[in-house]
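There are 2 protein chains.
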Amino acid sequence: MILCVTLNAALDVTYVVDQVRWHSGNRVVSTAEHAGGKGTNVARVLHTLGEYVVLTGLAGGGTGDRIRRHLAAAGITEELVPIVGESRRTLAVVDEAAGDATGFWEPGPAVRADEWAAFVRRFHRLLADATVVVLSGSAPPGVPDDGYASLISLAGDAGVPAVLDVSGAALRIGVTAGPAVVKPNREELAAATGHGDPWIAADSLVSAGAAAVVVSAGAEGLLASTPQRRWVARPPEPLSGNPTGAGDACVAALARGLLAGNGWPERLADAVALSAAAVLRPVAGEVDRDAYRRFRDLVHVEEV
Amino acid sequence: MILCVTLNAALDVTYVVDQVRWHSGNRVVSTAEHAGGKGTNVARVLHTLGEYVVLTGLAGGGTGDRIRRHLAAAGITEELVPIVGESRRTLAVVDEAAGDATGFWEPGPAVRADEWAAFVRRFHRLLADATVVVLSGSAPPGVPDDGYASLISLAGDAGVPAVLDVSGAALRIGVTAGPAVVKPNREELAAATGHGDPWIAADSLVSAGAAAVVVSAGAEGLLASTPQRRWVARPPEPLSGNPTGAGDACVAALARGLLAGNGWPERLADAVALSAAAVLRPVAGEVDRDAYRRFRDLVHVEEV
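Chains as they are written, first to last, in the UniProt record's numbering: chain A, 1 to 304; chain B, 1 to 304.
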């Protein structure tokens, strides 16, 4: 089982408006909602590809109940730990006339010390059946700074490799616990390490404890660094679309590659193809399966 | 007891953003929410002024539960009838840098025939203790076109006068049931009657069955028409601010004046003063009580 963690589970809400009048009032033509948060998107991609996933994290209030209901409807097994705080919503206002969207992200709920302790116990129990853990996204207030590092250490003690997709202090502290893969994007990598050159920055995370660093560089594809070798993987064609979905699909592919024991060129080709297949879908957590199959043989991976 | 009706109860949500970046992503600094819908605002104003109010209407789902919780916290007695559909949210995104807000109004839930029948039974039971009923705002889909007219007729049969603040077909059909007062604004009056001249338009509603028509004309104040006489009531100073709150406060004052049996000049002076006191508050349903007292003697009412 692949254990996906989304500490700050969200309800993704979409408002469709014919033509948004800013600084005025707008009738919403239609609304849609689904379970969100980066870890949730990773779980949905893996579920679509036929993997057995369990999603854990923290969720509370009426919004937490709705997140659980949407996960059940999507067929995803959840082991979200209840909290007193109300889970956040992330709103996308789609402007049909402009053909784009404006996002509004609510702050996450505060997590109490006893709630975090209950989550760690649940995570520890779930590790017994896990083959890989994937840790994604920001932590809500109240989670300790070394929270992700603790989870990676627990996984390591249980012999379960971890894939980490976080930013800032959570990334800097997380690598010290020895994750199998970390996947920052270029901006996150530069911010967390202070190095503008992605190879120098990636090597600094490897030195700090990460077994491998995979850097997502948008339309340029992926850069990967391990203690021994470096690769660049380029997409088959220029990509534009939904970058959130692409990053989460990349993480899903890296988790699968780790599980399968594939070599790095194969893992990276797969991750680029799956990202490309996700960019084509407007909703994060979905992938275009035909495009994925088509792209897989077209990715160019080069050792550098 | 003043019985306020809000058929399309809403949860008013406010997102505060430092400086909104349209067509991009925004972190919400703080969120706030309270029970909304025009009838709810009227009930809150009356409650603030010490009147005993009961709020009824239709509310469903998790959003309906939150509306009930906010009403309880505000000390307002509610007799909202449950529906299967999810109550709507109305979102205001406040742009701190621009000093204004953008509104997004979700569509209302569909109401089933048996739910409407249950509401009519509840309304009928509540009429036994009511001295005035106030009917405000749009009806959700599924409420019959003559829904408001039926409620006014039931109130009339029970000897309870009705104040009606609706637009479109609900206003055109509603007046035929003989409400004591209807309160359209100028645009609603013109749209419902097809007459650009507000006096001709108001007289057409009187002819159709309304005992009195009070027209809110923004900064110009109020125009009132009864079968015998006409008045104009002008505010003490030019007003600008929150027009939703002003209209609902006006309706609250008209209901109180009807209950007290005041003459029209006094009722209109009170309605203009209370509207002015509401315009000064950013949240609909609140009034500046000091301003209300100060304005009351300064309104100019003239028979025309």
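Since the hints were derived computationally from the structure, they do not count as laboratory data.
Among the hints, a few may not be true.
[Said to hold, decoys possible] Which residues of chain B face chain A? A partial, calculated answer using Cβ under 8 angstroms:
{"id": "1", "residue": "Y15"}
{"id": "2", "residue": "R27"}
{"id": "3", "residue": "V28"}
{"id": "4", "residue": "A98"}
{"id": "5", "residue": "T102"}
{"id": "6", "residue": "E106"}
{"id": "7", "residue": "P107"}
These numbers were taken from a predicted model, which means no experiment stands behind them.
Here a beta-carbon is modelled for each residue, glycine too, at the ideal position from N, C-alpha and C.
Item to check | Indices of hints not satisfied (ascending) | outcome: Hint check: nothing fails, all pass.
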